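Enquirer: Work the whole structure out from these sequences, hints included.
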Amino acid sequence: MTLAPGALAARAHPFTPLVVTAAIAVAALAVPGPGPALALYALTLVLVVTTGTGQAALRALVPLAPLWFFLFLLHGVLGEGGRVTVEGISLSRDGLALATTQAARLGAIATASLAMYAGFSPSRFVDAVAEREWSFSVAYLVVATLLALPRFRARAAVILEAQRSRGLRLRGSPLSRIRALGPITFPLLLGALAEVDERGFALETRCAAGSARRTALAPPLDTTADRLVRWLAAGAGMAAVAWRVVG
Amino acid sequence: MTALAFDEAGFTYPGAAAPALAQCTFAAEAGAITWLTGPLGAGTSTALLLAAGLAPRHTGGHRSGAVRTLGVDPAEPGAPAILGGRVALVLSSPAAQLSGIAETVAQEVAFAPANLGWPRERIHSAVDRAMEALGIAHLAARDPSTLSGGEMQRVVLAAMLVLRPALWLLDEPTSALDSAGRALLHDILRSEAARGAAVVVASEDADGLYAVADRLVVLSGGCAVLDGAPQDLLRGDAVWDAGVGSTTIGTLARVAGVDAPRPLTVDEGVARWTR
Amino acid sequence: MDTVTPLVLESVHFDYGGDAVLSEVSLRVEPGEGVALLGPNGAGKTTLTRLAMALRHPRSGRVVTGGRDTGGRRPEDLADVAGYLFQHPSAQLFERTVRAEIAFGPGRLGWTSGEVERAVATVLLELGLESLAAHHPYDLPEPTRRLVALGAALVSSPLLLLLDEPTAGLDRAARARVAQVVRARRAAGTAVLAVTHDLGFAVEALDRAVVLERGRVRLDAPLLDVVGRDPAFPAPPLLELSRRLGFAAVRPAIESLAPLLTSRAKFGTLEA
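Chains A, B and C supply the protein sequences, listed in that same order.
With the numbering used here applied, the first sequence covers 55 to 301.
With the numbering used here applied, the second sequence covers 2 to 276.
With the numbering used here applied, the third sequence covers 16 to 287.
Honestly, the hints are just simulated from the structure, not real lab data.
Given the structure is predicted, the values throughout are model-derived calculations rather than measurements.
A couple of the hints might just be wrong.
[Stated by the list, open to error] One side only, chain C facing chain A, incomplete, derived with CB under 8 angstroms:
no., residue
1, 68
2, 90
3, 107
4, 108
5, 153
6, 155
[Stated by the list, open to error] Far from chain C, some chain A residues (derived; all Cβ distances over 12 angstroms):
no., residue
7, 61
8, 62
9, 116
10, 122
11, 134
12, 203
13, 215
14, 220
15, 224
16, 281
17, 295
We put the CB at the ideal spot given by N, CA and C, even for glycine.
Expert: Set out below in structure tokens:
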């Protein structure tokens, strides 16, 4: 997903989307009942669209759709309590409410996470940390974690190409598909492990092991709006937790 | 001034049956280009890792004897702080040496100086100069992960050149470069040596290095068996006995039954065989 | 019997959504030909080989590999007619032994175990890997792993070999071995298309140069008309020596030049 250069998500200070996403995740887990959960999901969708990461909302539907289906199946059909009939199928009212809450929670978390991923810039984040004179090791750890998945996928794509060029078929019977996993997962895992090893090595050759304060090459602007948004988000997250604990 | 000294140094990787280096003694001087070579498994890469302190710190294993890099023992815990930015180790696989977090080549080249806390202005001008020197200024905005092998190798070289290190340790730095790239690197190494840096290159590219190196050290079975002027050694039989060859023309001469001292260049070969 | 043309490109145009990576590229590689794909970085060389393997498809024009149009086909559909050596082949190794690694491809193609065994044995011998057959690829040094990957590309005796920098990172002995193998395969009818900057290898093992510049074919000519004649491609030492000594018709390899020089030394200057 490429962001338009002027998109809010691209211009915001790197910490802002991270804090907002964390707050949404906390709030999503904390809010009680279907109504608030749906409201949070709707809010997330609005945020995502207004910050220029609207595609995340659609992308999130890919993993969400099957999850939602199972949730409604599980809780709706198998739930207890008073029932309601929809299209001739008997469904549990409480079950449907529970499924809706869970579905909305997952929707908010998945959408916010994907949007954050899309807008994440490793160099801007590292510069933001350097600007505050925090530890580079911590910054590197965060970046390495967030980039782990895309790197994994890129590596898997390379391995897949090589194995397909040798005749590995991905379509066909379930058995052949399972057998196709070995030639992909083995080099993938071995490569990922070797890379972790290599990385520590490489970083030392690039002077990253020292204790000097790293220079921020292009420190991102931290506007009042950014700080305000972060405080509001953190506050809202905590409020949601308080609501859950108290209510 | 001696920039790097191995004194009866030995090293065994963890779990290895035999030592990678044993009683290895040689030195590299500032202002000179020292060429390290040896048959496969002779320990040239290990020697560079020891010099940089990455062995045994990152690799594990056990070191014996003494290694001194710019006057300090590189295996000491305090060594990275002292040597950081003054020793440049270029690994044989450029992809393995990228930071993994740079979105552009310019950021990649700036990675080490930024880690050392250089002021921004100094970083920007040093990065521009280094990219110019390696002919990659046009790649400044590219994503490092999309580069070809040769381009990546030039980026890593630029990322080290930017530091103007006192000691260069290079492991097969031209493996992915074409002849123009190799010539460029050799020019850079010459000017670095002229500036006073010590350059140590582990390479089997005799054609490239015979005229560039000031000193040839041949490792075999983990210790230095030959140490002298590159051209003298390459013309003789000792390099063959040590399991290393000569330049392409020198190799041809030996196979064609020519006795030592053998021709090394095309010109010398033409002269020899047009009698 | 119709012989299949190993590779045909017809007015191929390709881009990654931006500037053209390949423009109006047309090319035929016949059985037994060895093409060195030359040119500066970014000229589209690797992309061309990827199109030949159906890893990508042209925006316009046609790519026909081993008689099969790549349009609508996937790499696994071409695995029996084309063998691809990637630039960083270590990434694909996964079996526990070198033998199993090389046997993987033919296994996928449905060969009998007898056929697979024979083909693997041939390749191990060809590449000098017999003593390492039972070793774990990951225990081997990088240059050896590259030879294993080359073995994997050769084992199914494809009509077309696509090699991306086959000698990068190899020592002299291994480079000579690769050159030898490529020549032997070409003599047996395999077509070879190699992206390479190693001109010593190219003049030893290949016979045709296709020079790509900014996505277009600048030159398509016999290799020896290009190397040492075009300023962008300086002659490697053996080629220059053989030309200056008047041995231009001799293959610029040590094993072919040495005997001539030995006799010259014994008998004085010979008529070349």
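Enquirer: With reference to the structure, classify each hint as holding or not holding.
Expert: Now the hints, each set against the structure:
1. 68: Hint holds; residue 68(C) Cβ to chain A Cβ min 6 angstroms, cut 8 angstroms.
2. 90: Interface hint status for residue 90(C): holds (4 angstroms vs cutoff 8 angstroms).
3. 107: Given a least distance of 3 angstroms, the restraint on residue 107(C) holds.
4. 108: holds, 6 angstroms
5. 153: holds, 7 angstroms
6. 155: violated, 14 angstroms
7. 61: holds, 19 angstroms
8. 62: Non-interface label stands for residue 62(A): nearest chain C Cβ at 25 angstroms, farther than 12 angstroms.
9. 116: holds, 22 angstroms
10. 122: Residue 122(A) is indeed farther than 12 angstroms from all Cβ atoms of chain C, at 32 angstroms.
11. 134: holds, 49 angstroms
12. 203: The claim holds: residue 203(A) sits with its nearest Cβ about 18 angstroms from chain C, beyond 12 angstroms.
13. 215: violated, 6 angstroms
14. 220: violated, 4 angstroms
15. 224: violated, 8 angstroms
16. 281: The claim stands: residue 281(A) keeps its Cβ more than 12 angstroms from every Cβ of chain C (closest is about 38 angstroms).
17. 295: Given a closest Cβ separation of 45 angstroms, the condition holds.
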